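Going line by line, the protein sequences match chains A and B. No gaps in the numbering here: position 130 of the first sequence is 130 in my numbering, and each next residue is one more. No gaps in the numbering here: position 21 of the second sequence is 21 in my numbering, and each next residue is one more.
Do not take every clue at face value.
[To be verified] Some, not all, of what chain B presents toward chain A, calculated at C-beta under 8 Å:
#	residue
1	Asn-64
2	Leu-65
3	Gln-69
4	Ser-70
5	Asp-73
6	Ala-95
7	Thr-97
8	Val-99
9	Pro-100
10	Ser-109
If you're looking for bench data, these hints aren't it; they were derived computationally from the structure. What you are looking at is a predicted structure, and each value in this text was computed from that prediction instead of being measured. Built from N, CA and C at the ideal position, the CB exists for glycine as well.
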Amino acid sequence: MSMEGSFGQDSVGSEDWGPPVTRKSLMRGGLAALLVAPWTASSLGAGGAGGGQESGDSEAEAQGRTQGAGATGDEIVLGVSAAFSGPSRGLGAELYRGATAYFNHVNDNGGIEGRRLTLKLYDDGYQPDPCVQNTMRLMLEDKVFLLFGYVGTPTVTRVLPILKKFQNESIFLFFPFTGAQPQREPPYGDFAFNLRASYNQETAGLVDNLVRIGKRRIAVFYQIDAYGRSGWAGVRAALAKHGEKLAGEATYSRGEKFTGSMRKQVEILQGVSPDAVICVGAYAACAGFARDAVDLGLNVPIANLSFVGSENLLKLLVEGRLDSEKYTRLLINSQVVPSYEDTSIPAVREYRELMARHDPKVPEELIQEEYTPFPHSFGSLEGFLNAKLLAEILRRLGPNPDRAGLEEAVFSIRDFDLGISEQVSFGPDRRQGLQRVYHTVVDNGRFVPLDDWGARFA
Amino acid sequence: MRIRRLFKWTRFGIFAVFGVIVLSTSVLCIYTVDTELSAEYEINAQNIAKTIADSSAGILLNQNLATLQSLVDQFLAVQGIRYIYITSETGEFLAHTFVPGIPEEILASDHSSTEPVERSLPGMGDFIEVGSPILAGVAGTVHVGMDLDVVALKIQRAIGQQVYLICVILVLGVLTSIWFVNLAAKPLAELLAYAVDLARDGERDDLAEREILARDDEAGHLARLFLHVARQGTGRGSAPGVTSQE
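Please take these sequences and the hints and turn them into a complete structure.
Written as structure tokens, this is what we have:
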């Protein structure tokens, strides 16, 4: 489906999550592998993507399959499954907008070796099963060149075994919007490339700073799935380094809306008298928790990870409230990209310029519920940086792009300047480009850098 | 027809026999289904706990807790399973599915035990919990909670379907038996009517041309015998004891 003015030729996948009607046997095989592979992956044999001999194929046969897949004479198709519907739709929308702004810029300037970059989009609503089905469709029916810009840990965690299963196809997942460990570690680390810092780094940054200012009793409020557990584990590990344990924990179910009550969770955490709470969730639930925490008198710093979607969180807490400051003054949001307000950063200037020029919109076919995008956001800046680095990697593939050469192209990225004052490097033992974590607080209705933790929260 | 009174007790007997069969079959069915299905669900829960335990050993050793949680979440989709939790060998909760938090009763329980235990969790319901050790317990324990309400509902549904089928068979059996009894009673009624006519006036010409005389069964034989006896006794009047009312 042509999406003129947006990304040249975005195509939007059906939102019917039923099983595909073609190539059923392959799909069944892949889905069966999905159920089995995560827990038996180590038995499938070692070796990086593209290097395995799982089905006895020769290397030449494997390379033959990857040549031309997803890349024709005039376009390179990138497959995306992300949240464009549901309570977390803002995450997929912002990430898409930022990436699209840069890809439009590339396409306007002749593309990559004359090939336009095209996104094949599917909505998974931040749910694992649709994401798995979308991925199978992208790989087997749409035959995309690579997977890009996925959103969320529970979704990505379920997709990784598919990549392992089809490792001879050299399908890689680039720059998912999650800081979880599964795509950074064996047995699946070889099938994904990450740009952002990990949740372990984010939680360590929060814990270290909180402990430094005397907030040692730290509790966790988290989404009860792989994402929440990933953040929970990060906080637990970071506390252990300071000789502390989790003060307490409360959970919520994925898909919770802002209108839902989080009073029970607040009451559970009030029972352990924490000095601070670290939230590992999406913006709707975390905003609901912050609201109910303040309303019930739990007045402690409430920290969120980058995945939360800071602008959407803030919007929920301040919209229509005259007393919004009381709900936001104790917020700390961890970020994995610098502030989009800091125009001294070259990449931020470029981002703002291209966002203004292209003002990308989520394709209407994917919009089920109203969503008003932000002119600028941490999410769209991350999408922008993801796209910028991916375009560079695709350029390094040369005039005849082949998936089998992707890994080598990524590993050729050494001390690459994305324009954010942190150099990006990749290598066989380094599959995460950026390491830095930023901390922000709300001042005058905006997220600004947090410089002095003691002055703010002590 | 008075002749059908002969079969009143037969019909009652058939109904009684069928009733006893249905009642005893239903009781046996209820007992069997309840016992077997309850055991089946418990075994399923144990198998799931064992599957998770076997699958999670490597994940646990790598401290890949996000993958562990993802594994647990997938099994939660199995019908009847309401909660799963995995504890370490020291009793620390490494993955679970409780919202908004881990219930006090479970926090206070012996996490290394794998014996089936029935739990009543406030706000959640009644459960049977089974466990399975990970690496013989040195890496932790998996616990799976089956919702007893869901299990009971399933059992009730299975029993209901079987009892419904048995009842349908009872009704059909009784109706069919009654139909057969009525089928047998019909020629007897005709024979009775014929005998009455013979007793009233055995000389009537039409009595030798009745349809019943052409029957090739016991009723036909009896009718012909009655006619023969009646014709032999011509001139001695009506048979004694036979009234016009009969």
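Results of checking the hints against the structure:
1. Asn-64: holds (6 Å)
2. Leu-65: With a closest approach of 4 Å, the Leu-65 of chain B hint holds.
3. Gln-69: OK, holds: Gln-69 of chain B within 8 Å of chain A, min 4 Å.
4. Ser-70: Holds, because the Cβ-Cβ distance from Ser-70 of chain B to chain A comes to roughly 4 Å (cut-off 8 Å).
5. Asp-73: Nearest chain A Cβ about 6 Å off; hint holds.
6. Ala-95: holds (6 Å)
7. Thr-97: Hint on Thr-97 of chain B: holds, closest Cβ of chain A at ~6 Å, below 8 Å.
8. Val-99: Holds. Min distance 5 Å.
9. Pro-100: holds (4 Å)
10. Ser-109: Since the shortest Cβ distance to chain A is 17 Å, the answer is violated.
When the structure is compared with the earlier hints, a violation turns up for hint 10 alone.
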